[in-house]
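Q: Please take these sequences and the hints and turn them into a complete structure.
Line by line, the protein sequences are chains A and B.
For the first sequence, our numbering assigns the number 1 to the initial residue and increments by one for each residue that follows.
For the second sequence, our numbering assigns the number 775 to the initial residue and increments by one for each residue that follows.
What the hints contain is simulated information worked out from the structure, not anything from laboratory work.
Careful: at least some of the hints might be erroneous.
BS3-like mimics (lysine-lysine), calculated; alpha carbons at most 30 Å apart, straight line [to be verified]: (1) Lys74(A) / Lys984(B); (2) Lys100(A) / Lys984(B); (3) Lys619(A) / Lys355(A); (4) Lys131(A) / Lys984(B); (5) Lys254(A) / Lys356(A); (6) Lys636(A) / Lys984(B); (7) Lys110(A) / Lys131(A); (8) Lys711(A) / Lys129(A).
Label-pair restraints from in silico Cβ distances [claimed, not checked]: (9) Tyr849(B) / Gly234(A): 39 to 45 Å; (10) Arg331(A) / Tyr849(B): 58 to 64 Å; (11) Thr980(B) / Ser689(A): 17 to 23 Å; (12) Ala908(B) / Asp101(A): 55 to 61 Å.
Please read all numbers here as calculations on a predicted model, not as lab measurements.
The beta carbon of each residue, even a glycine, is placed where N, CA and C say it ideally should be.
Each chain, letter by letter, is given below.
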Amino acid sequence: MTMKLDRRSFIKSAAATSAIATAASLFPGISFAGWEKLEDAAGMITWHKAPCRFCGTGCGVLVGVSGERAVAVKGDPNCSVNKGLCCVKGYHSVQALYGKDRITRAKVRKNGEMVEVPITEALDLIAAKMKETISSHGKDSVAVYGSGQWTIPDGYVASKLFKGCIGTNNVEANARLCMASAVTGFMTSFGIDEPMGCYEDIEHANVFVTWGNNMAEMHPVLFSRMLAARKRNGDVEIIDFATRTTRTSQAADKSILFKPQTDLAVANAICHEIIRNNWVNRDFVNKHVSFRKGLTNIGYGVEDHFQFQDKPEGINFAEFETFLKDYTPERVEKISGVSARDIRYLASLYGDPKKKVTSFWCMGMNQHTRGTWINNLVYNIHLLVGKISTPGNSPFSLTGQPSACGTVREVGTLTHKLPHGVVMNEHDRQMAAEIWNVPVENIDPKPTYHTVEMFRALDRGDIRFIWIQVTNPMVTMPKLKRYRDGALKEDRFIVVSDVYPTPTTDVADVILPAAMWIEQEGMFGNSERRTQHFDEIVPPPGEAMSDTWQLIEVARRLGYEKQFPWSRDEYIGKIWEEYRRFHDSPKHNMAPYEVLRARPGVQWPFVNGRETRWRFNPKYDPACTSGEDFHFYGHKDNRAWIWARPYEPAAESPDQEYNFWLNTGRVVEHWHTGSMTRRVPVLHNAMPSSYVEINPDDAAELGVVNGDMVKIISRRGEVAMPASINGRGVPPRGMVFVPFFDESYLINEVTLDAFCPISKQPDYKKCAVRLEKA
Amino acid sequence: MKKAETKIGRLGIGFAAICLLGAAALSAGAAPDIPHGFDWDGEKIFNRYNETPLSAMTGNDGTRNLNSFYGLRQYPGSPPRIPHAIPPAFADEPYNCISCHGRGGYVAELQAYAPVTPHPENEACFQCHVPRRAEELFVETDWQSINPPALGRSQLGGSPPTIPHPLQLREDCIACHAGPAAVAEIRVEHASRGNCRQCHVPLIVTEPVKEFAR
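A: Shown next as structure tokens:
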């Protein structure tokens, strides 16, 4: 007796004797998940290259198009990033275009109700409102808040319009929340932004240390590249260094847990051991490194108008060594919970001259109230042993958004930045004014508000008009209630350009329908300095238009036709060639438009037709001119800087009343606030709602089992959500973890808006909460 | 199959499998001192991946197929019966099962590769898997099964199929979906990628589909 029904049907359909022939006879009849068929679904697909829409890895995908619809995805085998592999989000990414509640028409608020209007009417209203706000409250009362999902042209025209034409530095992007500390880390340690290495480091390294970085879920394609390298090369170890046990811990050779915030102490202890064991690469350090210290007890930015300016001071090696005296492995064991033995083990991996070491990190180090410092400290380790800028030796800061590097860091869509340099620098302002064809006086030399302060300014009324594009701050702002209440105040005008309704469109006065991803031409820039072009592959729905074109339409209505003269069929190419003038040097040269169109991504600096894979190394980097084996040309002294940065505690730690750490983050299925991935059926089904991970012992003490509702309460607010015990990850006792993708459980009601005083990036990984069985 | 059932009986408990793999315990490889069992025992995939030579993951025999696979089961997900004869001595030495089914390998006597169990840590094999000692039923039954999951459950052309079955006791993808003993229709050609669930996520066919709505 067997499965009656099926046996019969199987026998009918599978008459072939060989199983392989059976498989072939079964496959043609399948129907993909029962979807409705396109009318002309003859099975003809044309393939078009694009970078993936989601994280900062920058996988090349080939989008399959039938008629005017995207119908399939495959990994682009020509793209060196992923070599034909994607993750589950990438493979299903095109389904994110077709959610039934797609915004296809403009809406404006009339008597409290959102009413559909022709998009021209909405654009007229935006321009009029901007003019009115500027005339009654000044130019610094209008702001634009964009994103690391802005294409490069999106960010470029936003910066040109606001900084060059209107003359306000109220330009920020959500990348402030995700990689500002990476930028200030690079700027302070190297004087120039973005990683010196590239993904090819993965095939060369013997040791990987993932610093607070759950790569198995957050950068899955790079992670499986790492697993494949370990399998192939044999002599490879993966060390997971984290505050919680994850899928990455399961795959690692060793998992080391540290108490939140104490990565600072452990990094210093590693340096202490490297020096004590005489593993310092003296030749490298003497030739290429200088030492600095900065201010300490630098605060947490929780109060409005918080200001901080670091004061770098030169020190020598001996002074650095003295500074490290406090960080013996035994002392740091007490602070961090990492055993002295494990600290020595980590130091020995970095110190072993025969091992090539790559450190990976992302939000764990960047969303940190001492984010700049911990970036500096990991560079310190690599610099002390000279393991940098050579294949396999790489301190590698990963990004979380497809164009955090391309649009925010390279175009400079942050309050203090310009496409080249900073607003404070006269030469940089002159360059911008010349390329932008605006009077140099237009460009204000004083930065205004970083993201958290920008939303505080909106709450206070210093900002009255804000245009939000491609991001969902009403889910992602820490200490959310204050910023939502601020946005809802009378006399605030909120414009939101997006593709789906979100909690952010809920607070909008105008909603503009945006073209999404491959419904427009554009470029992204990934974590390894790779610029990736994509065409308009399918038409945008309804009246949706690219964010770039929305900005151009409004700029023209404000009287800046001269600065935005391009026609709609060639504007992306023209913008790219104008933007490229900002980077005309071997340190930053970008590939020409035609080259970008032809290839699945091009790494900059692109010099004499060649990409630069490892910077600061003259074998690979034509900008090196010192004649030495390395040239750290970012700082004026032509050296990389090691920083003495102490351990300082988190802004808020658990106490008697609020006795748990709250940590937040992502899961492999969903990206950011889930506004796209939750509309992909397979992703939603695999991960339909958020949860709070609780250690099994804490759960037992609290009396909750899997799925019970648990209230998470902080000094800011509370949220009740289902418990997850031994689910995707396991926090240690005294910590809970919550994925932030689910707008039904707004965990940022609970988080704290403390930030790194140098980078101004908030810390979403640490605040104090208590739990109650709901 | 009848032929095989008698063959192994004669063979006794000797090492039937010429193991392709080393002798290290299956738990080796994962980070020590981490909590175990979470994420549907996700570490099993990584362990299996680490210790299985690429040749053993990519080898292809093609003799097992879904017909014979479901032929041993009562409903999708039921424990398969044991299709070959077993000597009585096996009954109190479950590790004898694991010697072939822990890692797989070629069984000369059966002229077949041994299927690999996804849950070798459960050593009381006979608790769930039983041989067939009688051909005739006690009485006829009116039992009917639901359909097994359809093949190729991709959401769109070329996208990775979802995992149609629950992961409970089936945590180790590589055990069943890779290597020479894998069932031909569900065998993957790219087991060398290692992190299976970065592309394949559960969409359990016996559970209702969830619609997203704000």
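Q: All the hints need checking, so say for each whether the structure fits it.
A: Verification of the supplied hints:
Pair hint Lys74(A) plus Lys984(B) holds up; C-alpha atoms about 25 Å apart against a cutoff of 30 Å. Under the criterion of a C-alpha separation no larger than 30 Å, the hint pairing Lys100(A) with Lys984(B) is consistent with the structure, at around 15 Å. Restraint check: the Cα-Cα separation between Lys619(A) and Lys355(A) comes to about 21 Å, which is no more than 30 Å; the hinted pair holds. Pair hint Lys131(A) plus Lys984(B) does not hold up; C-alpha atoms about 46 Å apart against a cutoff of 30 Å.
Between Lys254(A) and Lys356(A) the alpha-carbon distance is near 17 Å, which keeps this suggested pair within the 30 Å criterion. Between Lys636(A) and Lys984(B) the alpha-carbon distance is near 58 Å, which puts this suggested pair outside the 30 Å criterion. Distance hint between Lys110(A) and Lys131(A) is fulfilled; the C-alpha atoms sit about 20 Å from each other, no more than 30 Å. A hinted pair counts as satisfied when its Cα atoms are at most 30 Å apart, and Lys711(A) with Lys129(A) does not qualify at roughly 42 Å.
For Tyr849(B) and Gly234(A), the Cβ-Cβ distance of about 43 Å falls inside the hinted range of 39 to 45 Å, so the restraint holds. A beta carbon spacing of about 60 Å between Arg331(A) and Tyr849(B) agrees with the range 58 to 64 Å that was offered as a hint. Against the hinted window of 17 to 23 Å, the Cβ-Cβ separation of Thr980(B) and Ser689(A) comes to about 20 Å, which satisfies the hint. Here the CB-CB span from Ala908(B) to Asp101(A) is close to 59 Å, well matched to the stated 55 to 61 Å.
In the structure shown, a violation is registered for the earlier hints numbered 4, 6, 8, in ascending order.
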